[in-house]
Amino acid sequence: MTGKFVYTPNDMETERASNGYLMSLLALMVGMPLPIINLLASLIFYFSNRKSTYFVRWHCTQTLVSQLTLLICNSVGFSWTMAIIFGPKHITNAYISYVITIFLFNLTEFIFTINAAIRTRKGLHVHWWFWGTLTDLLVSPDPENNIQATNTFANSWEKQPISS
Amino acid sequence: MGKATYQFLVLAALFFATWFLLGRVNYVKRLHLEQINEKTEKKIGDLIIKTVYAQQTVIENDSLSSLMDKLKTNLCGDSTEASKIRIIVVDAAVVNAFSLPGNNIVVNNALIAHCDSSAQLAGVLAHELAHLRLHHVMKKLGNEIGISILLAVASNGNAQVIREIIRKLSSTAFEREMESDADDAALTYLEKAHIDPAGLPDFLEKLAELKADVHGAPEWISTHPDIQKRVRTLRSKIQDHKASYVNVLTEEEWIYLKDNCDIGPRAEDTN
Numbered sequence: 004m005t006g007k008f009v010y011t012p013n014d015m016e017t018e019r020a021s022n023g024y025l026m027s028l029l030a031l032m033v034g035m036p037l038p039i040i041n042l043l044a045s046l047i048f049y050f051s052n053r054k055s056t057y058f059v060r061w062h063c064t065q066t067l068v069s070q071l072t073l074l075i076c077n078s079v080g081f082s083w084t085m086a087i088i089f090g091p092k093h094i095t096n097a098y099i100s101y102v103i104t105i106f107l108f109n110l111t112e113f114i115f116t117i118n119a120a121i122r123t124r125k126g127l128h129v130h131w132w133f134w135g136t137l138t139d140l141l142v143s144p145d146p147e148n149n150i151q152a153t154n155t156f157a158n159s160w161e162k163q164p165i166s167s
Numbered sequence: 015m016g017k018a019t020y021q022f023l024v025l026a027a028l029f030f031a032t033w034f035l036l037g038r039v040n041y042v043k044r045l046h047l048e049q050i051n052e053k054t055e056k057k058i059g060d061l062i063i064k065t066v067y068a069q070q071t072v073i074e075n076d077s078l079s080s081l082m083d084k085l086k087t088n089l090c091g092d093s094t095e096a097s098k099i100r101i102i103v104v105d106a107a108v109v110n111a112f113s114l115p116g117n118n119i120v121v122n123n124a125l126i127a128h129c130d131s132s133a134q135l136a137g138v139l140a141h142e143l144a145h146l147r148l149h150h151v152m153k154k155l156g157n158e159i160g161i162s163i164l165l166a167v168a169s170n171g172n173a174q175v176i177r178e179i180i181r182k183l184s185s186t187a188f189e190r191e192m193e194s195d196a197d198d199a200a201l202t203y204l205e206k207a208h209i210d211p212a213g214l215p216d217f218l219e220k221l222a223e224l225k226a227d228v229h230g231a232p233e234w235i236s237t238h239p240d241i242q243k244r245v246r247t248l249r250s251k252i253q254d255h256k257a258s259y260v261n262v263l264t265e266e267e268w269i270y271l272k273d274n275c276d277i278g279p280r281a282e283d284t285n
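Each protein sequence line maps, in turn, to chains A and B.
Throughout, my numbering is defined as the position within the first sequence, counted from one, plus 3.
Throughout, my numbering is defined as the position within the second sequence, counted from one, plus 14.
Don't take every hint at face value.
To be verified - In silico lysine-lysine, DSS-like type, Cα no more than 27 Å apart, as pairs:
| no. | chain 1 | residue 1 | chain 2 | residue 2 |
| --- | --- | --- | --- | --- |
| 1 | A | Lys92 | B | Lys43 |
| 2 | B | Lys57 | B | Lys98 |
| 3 | B | Lys43 | B | Lys53 |
| 4 | A | Lys92 | B | Lys182 |
| 5 | B | Lys206 | B | Lys84 |
| 6 | B | Lys64 | B | Lys182 |
| 7 | B | Lys272 | B | Lys98 |
| 8 | B | Lys272 | B | Lys84 |
| 9 | B | Lys57 | A | Lys92 |
| 10 | B | Lys243 | B | Lys182 |
| 11 | B | Lys53 | A | Lys92 |
| 12 | B | Lys251 | A | Lys92 |
| 13 | B | Lys272 | B | Lys256 |
| 14 | B | Lys206 | B | Lys272 |
| 15 | B | Lys206 | A | Lys92 |
| 16 | B | Lys53 | B | Lys98 |
| 17 | B | Lys84 | B | Lys220 |
| 18 | B | Lys256 | B | Lys243 |
| 19 | B | Lys243 | B | Lys206 |
| 20 | B | Lys98 | A | Lys92 |
| 21 | B | Lys57 | B | Lys43 |
| 22 | B | Lys251 | B | Lys84 |
| 23 | A | Lys54 | A | Lys125 |
| 24 | A | Lys92 | B | Lys243 |
| 25 | B | Lys256 | B | Lys206 |
| 26 | B | Lys98 | B | Lys56 |
| 27 | A | Lys92 | B | Lys56 |
Since the hints were made in silico from the structure, they are not lab data.
None of the values given here were measured: they were computed from a predicted structure.
Only chain A is shown next, with the shape it has when bound in the complex (with noise of 0.2 Å):
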């Protein structure tokens, strides 16, 4: 779902949110047989921008706390491939049924990184099913910068304007 957020951001914060998604999706590539390096990139993408605005914090923890998810699933393929490969484990439908699911997850999230990406950088509002949930009551407001967006903010997002 995209919307607005509770202020308006400006250039700089668009771009480094949108870089957190780009981030994920790079490392995506490069890691793909190893599933930690798309969780390392994003969190040293996070740590990075832990002290930047409430804007690039949402979204950047958004990126990390679903990598984490995608991450529990991979590991399990990984080990169970692994097992298979160098252990007493064989291919099994269950096996093969489990690589499918966790491909079509991974290529789901692939495709609505991107969306993200694109629609974070015009300064949207993108706020995942579960994640983007879960990124609001993980991250609060900058104090510092005075801005008066509120515990509740999954309501007030909800009466914003959406756009899709």
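Use these hints to put chain B onto chain A, whose structure you have.
Chain B only, in chain A's frame:
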């Protein structure tokens, strides 16, 4: 928090539902994964057996073979599957038995000579059968020799690689987890066949004692490490002796088998 939990549960349900629905398709059959493995395995197995016949003295005694087949059929519980499995008894002083690709099991007559009962021999055969059924043999070869080399062997039959395969399977151990899985499966086969499963740990213990008595370990011991731990695990999994246990071979048949596998003075030479 409630909203996040609800959304997480929906997402998790979506993930598991996708996995479950995709899992309804039999990919292994559709992609012919089993057939590719079986075909390659059979080709390699045939080449290996040729080499075994050329290099070792195979005991070709119909009565002995029929007794081994009797044990095999009881363990398989299915005559169709049993007919696909071949047990070859070779004249060798090394106490050893090993599985080979293409559903082949090689048993040295020295091993039969060291068994005190048909239940002990059945225990060893059940363990080797488990390695075959659980695809441990091809997995081990795939890991140690490489799938591409195995495929090349299947097409051109490189004699040197075949000798290396026999050496690896007859004198190197499977991974610990594979051994443990094979032990568990062997107990199941023995129980199903109403054969006393205590024969397997009994034989392992006997060989461990033999190891202490003579120079060098019997081959089956060196390829099956952690004997004491495995014996303890096996015994803990075996329930009390049941009255329903039967001797697959009669006393006369067992004596006949032992007599024909007597290795005489060479018995001391276990290496």
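Index of numbered hints that the structure contradicts, given in increasing order: none
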